[in-house]
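Assemble the complex: chain A is given as a structure, and chain B must be docked to it using the hints.
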Amino acid sequence: MTEPILLSTKQVAFFAANGFVELPAEVPATINERFLDAIGASDRREDVSQENLDRLSRLGGLMAKSDIPAVPAGTPLFSAFKETTVLGDLVRVPSIRGAIQSLVGANCVLDHHFVHVASGPLVYGNRQQISQHLHQDSTIDPRESAFDIQMFYFPHDVTSEMGGTRFVPGTHLRVVSESAVARYQNMLGQRHIECPAGSVFFMHHGIWHGGGVNRTNLSRFMYKLRLNPTVPQVRLWDTSDLNREDTSQRPIFFVKERYDPEAIASILTRALPWFENDTGRIEYIQRIRFWRKLIGDETFDADYWATRLECEPKLLDS
Amino acid sequence: MGSGETRQQVLVLYLANSSLDSSVKAWAIYDGTAKTRHMPGDSEKPPYTNGLEALLDGWRLIQASPLINHSKGEEFRMGYLKYEFFFEKLEHSD
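Heads up: the protein sequence lines correspond to chains A and B, in order.
The numbering of the first sequence is the numbering used here, which starts it at 9 and goes up by one.
The numbering of the second sequence is the numbering used here, which starts it at 22 and goes up by one.
Bound conformation, chain A alone:
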């Protein structure tokens, strides 16, 4: 078996700050084609025949008839998806396997998986389609030291007109209740996924997201796989690029040299467009606390945000 290609420290720091890692066009075309074939969606022509319209309208029940296995929740991933099957080959693509291993460990378990389908005007005609409300998957999740990942796999090209998944980078550390965030129609910095075939996004379970409206006559498919860890998620990635400077303090506010934008502290204290003035700073603290868990070092800090709050000198015992 080919060795997994683990994520780097900087990639995981980006994940800690933004809640996702993107691997564009990572899956070979042969696997993309096999996947589309396995779900009965390999023929994606703009066919307006009644037969094709009937077929498209039934795509919601596609998984039941497909070669995709129904898997009991909690099954080890690499037992659930055997080698030589299309999903087995998908999760064994070295960079895919490496990202999974880096974030939830080599012995992670499958929570659930599903093929999401968005058809366009051919199926819906004049009925107006509304994009999916912003939400966080599952329910309120107050975990602090563990997290799940959701793999979003796009087996074909996704154009802007196809309404690929919309998500808001950096929302993953907010504890909210599923669609309670639906009221937020638009947020600065929101992103609509457009990507080449074979692209994979690994999302933190907490990221706010929703599906878009497909305005083309080609149905859009996205395979989502949720994985749970079975080990503490501490330094599971390739830490060979974790430098000494990345765990030491640097001058703040008054500086004489520009910060290295690739430094861990820079990645963890980079504001996102939707950040509020005051809570944006609390986002930094949340990221720092998350990074402490990930590197197993409760003394880590970035630009002193946590240290000054923890500075409470005590009188010595007499």
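In case anyone wonders, no lab produced these hints; they're calculated from the structure.
Just so you know, not all the hints are guaranteed correct.
Stated by the list, open to error - A partial selection of chain B residues facing chain A, derived with a Cβ cut-off under 7 Å:
#1 Ala37
#2 Asn38
#3 Lys46
#4 Ala47
#5 Trp48
#6 Ala49
#7 Met60
#8 Pro61
#9 Gly62
#10 Ser64
#11 Phe97
#12 Met99
#13 Gly100
#14 Lys103
All residues carry an ideal CB built from backbone N, CA and C; glycine is no exception.
Here is chain B on its own, set in the frame of chain A:
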């Protein structure tokens, strides 16, 4: 204004801080006149730069989120957007 019945248009702005003239970070529009239909993810540019601009354009502020003291032990837990302002306009529906 036309001669149709009056309907409510609702604008929700999420601002950078508790001041109405701070910048817009997130937004939503619900149009009771049915002249427009807004949906999640339909715009990348906020309708106004800040909340005050909405007032200048005739929107009436009808609700602002209160400032709530931080509970001990919960100071750093983040959830929903904090500075929510509801506005309305009354328009004829024709």
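Hint-by-hint comparison with the structure:
{"no.": "1", "hint": "Ala37", "in the structure": "holds, 5 Å"}
{"no.": "2", "hint": "Asn38", "in the structure": "holds, 5 Å"}
{"no.": "3", "hint": "Lys46", "in the structure": "holds, 5 Å"}
{"no.": "4", "hint": "Ala47", "in the structure": "holds, 4 Å"}
{"no.": "5", "hint": "Trp48", "in the structure": "holds, 6 Å"}
{"no.": "6", "hint": "Ala49", "in the structure": "holds, 4 Å"}
{"no.": "7", "hint": "Met60", "in the structure": "holds, 5 Å"}
{"no.": "8", "hint": "Pro61", "in the structure": "holds, 5 Å"}
{"no.": "9", "hint": "Gly62", "in the structure": "holds, 4 Å"}
{"no.": "10", "hint": "Ser64", "in the structure": "holds, 5 Å"}
{"no.": "11", "hint": "Phe97", "in the structure": "holds, 5 Å"}
{"no.": "12", "hint": "Met99", "in the structure": "holds, 5 Å"}
{"no.": "13", "hint": "Gly100", "in the structure": "holds, 5 Å"}
{"no.": "14", "hint": "Lys103", "in the structure": "holds, 6 Å"}
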